[in-house]
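2 protein chains.
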Amino acid sequence: MINKLVSKIKKLNAPIVVGLDPMLNYVPEYIKKKAFDGYGETLEGAAEAIWQFNKGIIDATYDLIPAVKPQIAMYEQFGIEGLKAFKKTVDYAKSKDLVVIGDIKRGDIGSTSAAYAVGHVGTVKVGNQVLTPFDEDFVTVNPYLGSDGVTPFIDVCKESKKGIFVLVKTSNPSSGEFQDRLVDERPLYELVGEQVAKWGELHMGEDYSYVGAVVGATYPKMGEILRKIMPKTYILVPGYGAQGGKAKDLAPYFNEDGLGAIVNSSRGIIAAYKQEQYAQYGEQNYADASRAAVEFMIKDITENI
Amino acid sequence: MINKLVSKIKKLNAPIVVGLDPMLNYVPEYIKKKAFDGYGETLEGAAEAIWQFNKGIIDATYDLIPAVKPQIAMYEQFGIEGLKAFKKTVDYAKSKDLVVIGDIKRGDIGSTSAAYAVGHVGTVKVGNQVLTPFDEDFVTVNPYLGSDGVTPFIDVCKESKKGIFVLVKTSNPSSGEFQDRLVDERPLYELVGEQVAKWGELHMGEDYSYVGAVVGATYPKMGEILRKIMPKTYILVPGYGAQGGKAKDLAPYFNEDGLGAIVNSSRGIIAAYKQEQYAQYGEQNYADASRAAVEFMIKDITENI
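First to last, the sequence lines map onto chains A and B.
Position 37 of the first sequence, counting from 1, maps to 37 under the working numbering, and the rest follow consecutively.
Position 277 of the second sequence, counting from 1, maps to 277 under the working numbering, and the rest follow consecutively.
The set of hints was computed from the structure by calculation and includes no laboratory data.
Don't take each hint at face value.
Note that the list lumps identical chains together, so a pair holds whenever it fits in one copy or between two copies.
Distance condition first, Cα-Cα at most 20 Å in a straight line; then the derived EDC-like pairs of lysine to aspartate or glutamate [to be verified]:
| hint | residue 1 | residue 2 |
| --- | --- | --- |
| 1 | 11 | 295 |
| 2 | 125 | 37 |
| 3 | 11 | 63 |
| 4 | 125 | 29 |
| 5 | 125 | 41 |
| 6 | 198 | 177 |
| 7 | 84 | 135 |
| 8 | 10 | 300 |
With the rest of the complex left out, here is chain A (with noise of 0.2 Å):
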């Protein structure tokens, strides 16, 4: 899956993903209103109303770009519907060949970290039957609880031919807490992020590994550590656009054959038509404005990288 991965962003020279990351007030009116009419102002009507937001991004979007990552917990928040939306809308992008990288940030120890693997990126078996339940290609980890956490995951993903990518450095403002903090002079996340290349090792694809690590890009500087630290590691860089990344500061994340990185946008695309350059959309062609945002991002990124 990292191969194929790696061979959509240089077909299509798009090195980015669409956060498909839906808050209910990003939702145009008319959407929510046929949604609401149809199943009332329930988890169902909220489930339904993301559901159809998503499809008309992706419908909108699914020839530009290599990959969407659904945030889960946006979907969570609605209880089982939501996570049907979800299902619904992982389903959906595959079946657009899109690659799907689930933003779930799950991680927990052995048997219980095997559970999270087999769910979203591997099967499961129920007698005689081997089932397949949430079916990403990729899905996050966050590894605070050491190898147990993490390996259950590679382990499945062998299996699968899917992948992860693992929390190294995130893009918000306190994430310095802890994964800044100095042992033996050097910042954690620097250490996490040795422990990756290790783990990439483990299973690797053609050129890069099927271990990848998540690197915000409001950090270019330890982008740029990060980076040599973990030469055969795709790194998912979050934070560009409403969170205040720059694509001047994105060269670093990239190795020199203009690979490695992939860059995440999710409402500066999803939630486009809201702003001022893309208002003349308006709410009805919310999907087009996304469109035109995905096509500003790719040039902005590939001018400048």
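Fit chain B to the given chain A structure using the hints.
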């Protein structure tokens, strides 16, 4: 909800929680057969089997215990159907007046952490309706992303009078890989513990905070230090029993008032009938074996702390 938890622990003299982490191979054959006969060897069949298994254990133990801790990964591995069984388990345990700790180990940033929080321990607004998706009383939270990841949970919990347990020092063998690394000559978990104590001040109950901590039973010396760093923090202690933690090692996790810690056992209780000690109950009476294991655990812990 922390006050309710403390008062139930006192009343029952039982500082324990039963981990509802149902692996399909813990479930007696007759329950699986009935579930698969009704729903096939499907995700729905698996979900039905673990739900019926849980219900039996809750019915057999609810009068002895203050709380249960369903581990969501064990449900999520069966996709949407599994998560429905999680929700049924939460609701059923609450109908028996048990405090429910959702072991979800979530953690993200800002509005994303808030989305997890409203989904699990808060309410979500859809149009003019205020809805309650999963409705646990407490959830576990991963601190790797810093305050941006944790305080949104606290904000939601202040509204709902619910709480969280933050991972500080986990029970697994490799937990030291990052958690034990020395920062200014002190292990990282101590810094996380100090931060938990600070976060705890944001949402205090009568004697203890709504912000608890997870500290594994397998590291009693670290437990002793963390107890002192976080005097008002309830400590959720996994790792007793099957993972190797002994009752005699648990005293340091408690305060002098005999409170301040709640010890979890999962496999040791729910799969008790598979142990030699309880084999006489047989598969049919697995829930009675769980009750006997709960009685033993309560005695073992209260005599040793």
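Hint-by-hint comparison with the structure:
1. In this homomeric assembly, residue 11 and residue 295 come within 20 Å of each other (Cα to Cα) only inside a single copy, at 15 Å, whereas the closest approach across copies is 63 Å.
2. Only between protomers do residue 125 and residue 37 lie at most 20 Å apart by alpha-carbon distance; the minimum there is 16 Å, versus 39 Å within a single protomer.
3. For a Cα distance limit of 20 Å, the shortest separation of residue 11 from residue 63 inside one copy, 11 Å, qualifies, whereas the shortest one across copies, 62 Å, does not.
4. With identical chains, the CA atoms of residue 125 and residue 29 are at most 20 Å apart between copies only, with a shortest distance of 15 Å across copies and 42 Å within one.
5. Only between protomers do residue 125 and residue 41 lie at most 20 Å apart by alpha-carbon distance; the minimum there is 9 Å, versus 37 Å within a single protomer.
6. In the homo-oligomer, the alpha carbons of residue 198 and residue 177 lie at most 20 Å apart only across protomers (13 Å), although the nearest pairing inside one protomer, at 25 Å, exceeds that limit.
7. Both within a single protomer and between protomers do residue 84 and residue 135 lie at most 20 Å apart by alpha-carbon distance, with minima of 13 Å and 18 Å respectively.
8. Taking CA atoms no more than 20 Å apart as the test, residue 10 paired with residue 300 passes inside one copy only; the shortest distance there is 16 Å, against 62 Å between copies.
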